[in-house]
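For reference, the chains in residue letters:
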Amino acid sequence: MKTQDSISSSKLGRAVKLVGTGAKIGGNYLKYYAKRSITGEESKEGLHEQNATDIYDSLSELKGSALKVAQMLSMDKNLLPRAYTQKFALSQYSAPPMSPPLVMKVFKTATGKYPNEVFDQFDTKSLAAASIGQVHLAEKDGKKYAVKLQYPGIADSIKSDLKMVKPVANAMFGLSEKEMKKYFEEVEDKLIEETNYHLELRRGTEISQASAHIKNIEFPVYYPEFSSEKVLVMDYLEGLHLKEFLDENPSQEIKNSIAQTLWDFYEYQLHELKAIHADPHPGNFLFKGERVGVIDFGCIKEVPQDFYISYFPLLLEEVQTDEILINQLLTNIEIIFPDDSQAVKDELTTAFLRMTRLLSKPFCTEEFEFTYEFIDEIYATGEEIYKIQEVKKPTKPRGSKHALYINRTYFGIYSMMADLGAKIKTGKREWQARLFDSISAQTL
Amino acid sequence: MQIKVRILILVNISHHSYVFLLMRDQIIAHYIRFSNKNGKAPVSVYQFCEDCGLSERQFFDEFSDFEHLQEEILGDFWKTTVSRLEEQEFYQNSNDSEKFLAVAYGFFESLKDQRSFFLNFFGNWNSPKDLFHGFKNFREVVMKYIDQLDLPSTDLGVPQLNKPIDKLNSNALYMNLIFVLHYWVKDRSKGFEKTDALIEKLFTLSFDMMETNSLKKVIDLGKFLVSDFKL
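Protein chains in written order, with the numbering used here: chain Z, 6 to 449; chain S, 37 to 267.
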């Protein structure tokens, strides 16, 4: 891969870039309407594809937080058509790497030593790029390590990046100012957290130790003695990314086994640890045989208890038929508000329930098979719900900010499950009964 | 980067450490300390010498005046950075563009140790242009370093032109370096990370432009415009 050359460095440079994107998208819409007025057709999907390419081209050049926001926006299924999402799902791979002298400098500044003074071997060409850093392969005493280095100045640039993306996101994705605020605060908090490698080391160690009992799962060991705020040293895990892994045509048994491990891991995190690895990017999972390697604990969403007990009961079949309870829960998570008109309440409740019933399908049966049809149905339903006026242009910001990363995570997992064509044991877990009991006790 | 050993004497650099230093380096160290302590550079050589317990002769054996001394300082930081890096295996194995980048990072890293001094020192220079025209000695040191590197160059097919163009390229590198210096003075980011980001962006771009024969394209465009539009 070619080493990073010309990133638009100034705020102005970035603004120009983004304005360029806006203009291009406008151009695509013009083309679409012009073409439609002549031929009477041309699929909207084609238009989205074209737009996604332009946005992707521009945002992937921006690197850093703009890239992350692009990914976030792309994954929030109710806002974006499928064409955008697929394109952005890969965007993490595309950030251009730091030059070897900068790699040396970052390592030395952070640890006081050059990499070759710490390791027997250190590869100055990066193994993989992430949105705020890059990973290098190192070796010491015959053991392989992955060394993650942070781009200099990234923490500083996050806020200004987000400020730059905001008006454009507003125009491109039609989000209202109020929605944006809630959305961007959560994203900004998470992004700032991600720049703190001390935090990642602690959380990575905690979650991997707590989840070590899950069958076939493997985590890298982190090495605090070599790590710092900008450098994170961990075991190098062998394995392939999902796409390459699938290219090798593993048997359906192996695919099911992998899917089961992933599913169990997320169930355990969410309902026992109440904190989840919220970056289910394909690059963060490494597959080898039946073994699933999980890396990158930079983005962890801690689930607050009051949100947990209002959000997850909605996944329970028994709850989905209890109108009073639903009304209460939806009010708790700010989907509906007491001062909404009855018509708005009804419309939103119906729409939300429809989506939830669909999403909770895996939880309501003992076994579930993830298919592309299922994913497509989710997309289609999302797009349909998006047509509702109060969803499209809400009069007030709706939905809890905590749902953002949780939805995104589950969206990523469902996609991976579909890629695996997984048929796994999903439903009737202990937490469901526990949650139902606590809800019933409360309402009594 | 050989420094001839001249007079080695025992001196008091900071108030508690005694180190062997060249007289020349010792005077520079005093000068930096004096400026930091008083918030401004010494006014006269007499005052300065009295303050650090040297004779004027010792001073004038090394420097003609303060301006001369100042000129040497930045160059010293550059030379020290280069000689430290030359001991490093990764530096020896780097290509020449990477070597330049490594020195640029190292240079700004070393300036950090004396940031207060340099803020004072650069206080008189307001624009990159002023900085560019000052520091003749520093410029010489840097240009000498750049000249011995084998950097990507533009071949226009006219041998007589290659040399002036290489000169143009090394001048551009120096100019970028001065620009970074100016940025660093104003940089308020933690650990001056933004300066590092700027170095990365600026110099990788410079090298890319040298490599991709952009000059050739500019000349090509010029020829086209001249012949077609009789400009």
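None of these hints come from the bench; they were simulated from the model.
Do not take every clue at face value.
With a straight-line cut-off of 25 Å between C-alpha atoms, the simulated BS3-like cross-links for lysine-lysine are [as the list claims (entries may be wrong)]:
no.	chain 1	residue 1	chain 2	residue 2
1	S	Lys165	Z	Lys168
2	S	Lys237	Z	Lys164
3	S	Lys148	Z	Lys168
4	Z	Lys118	Z	Lys148
5	Z	Lys148	S	Lys222
6	Z	Lys168	Z	Lys350
7	Z	Lys187	Z	Lys406
8	S	Lys203	Z	Lys113
9	Z	Lys168	S	Lys203
10	Z	Lys186	Z	Lys406
11	Z	Lys195	S	Lys148
12	S	Lys226	Z	Lys195
13	Z	Lys149	Z	Lys171
14	Z	Lys187	Z	Lys171
15	Z	Lys171	S	Lys230
16	Z	Lys195	Z	Lys149
17	Z	Lys113	S	Lys222
18	Z	Lys168	S	Lys73
19	S	Lys253	Z	Lys113
20	Z	Lys130	Z	Lys406
21	S	Lys222	Z	Lys130
22	Z	Lys113	S	Lys165
23	Z	Lys164	Z	Lys148
24	Z	Lys430	S	Lys237
25	Z	Lys164	S	Lys203
26	Z	Lys164	S	Lys115
27	Z	Lys293	Z	Lys220
28	Z	Lys130	S	Lys237
29	Z	Lys118	S	Lys165
30	S	Lys230	Z	Lys113
31	Z	Lys164	S	Lys165
32	S	Lys180	S	Lys226
33	Z	Lys350	Z	Lys186
34	Z	Lys113	S	Lys148
35	Z	Lys118	S	Lys203
Structure-based check of each hint:
no.	hint	verdict
1	Lys165/S with Lys168/Z	violated, 32 Å
2	Lys237/S with Lys164/Z	holds, 20 Å
3	Lys148/S with Lys168/Z	violated, 30 Å
4	Lys118/Z with Lys148/Z	holds, 20 Å
5	Lys148/Z with Lys222/S	violated, 44 Å
6	Lys168/Z with Lys350/Z	violated, 33 Å
7	Lys187/Z with Lys406/Z	holds, 6 Å
8	Lys203/S with Lys113/Z	violated, 33 Å
9	Lys168/Z with Lys203/S	violated, 41 Å
10	Lys186/Z with Lys406/Z	holds, 10 Å
11	Lys195/Z with Lys148/S	violated, 31 Å
12	Lys226/S with Lys195/Z	holds, 20 Å
13	Lys149/Z with Lys171/Z	violated, 41 Å
14	Lys187/Z with Lys171/Z	holds, 12 Å
15	Lys171/Z with Lys230/S	holds, 22 Å
16	Lys195/Z with Lys149/Z	violated, 30 Å
17	Lys113/Z with Lys222/S	holds, 24 Å
18	Lys168/Z with Lys73/S	violated, 42 Å
19	Lys253/S with Lys113/Z	violated, 39 Å
20	Lys130/Z with Lys406/Z	violated, 38 Å
21	Lys222/S with Lys130/Z	violated, 32 Å
22	Lys113/Z with Lys165/S	violated, 32 Å
23	Lys164/Z with Lys148/Z	violated, 38 Å
24	Lys430/Z with Lys237/S	violated, 50 Å
25	Lys164/Z with Lys203/S	violated, 40 Å
26	Lys164/Z with Lys115/S	violated, 38 Å
27	Lys293/Z with Lys220/Z	holds, 14 Å
28	Lys130/Z with Lys237/S	holds, 17 Å
29	Lys118/Z with Lys165/S	violated, 36 Å
30	Lys230/S with Lys113/Z	holds, 16 Å
31	Lys164/Z with Lys165/S	violated, 31 Å
32	Lys180/S with Lys226/S	violated, 32 Å
33	Lys350/Z with Lys186/Z	holds, 23 Å
34	Lys113/Z with Lys148/S	holds, 14 Å
35	Lys118/Z with Lys203/S	violated, 36 Å
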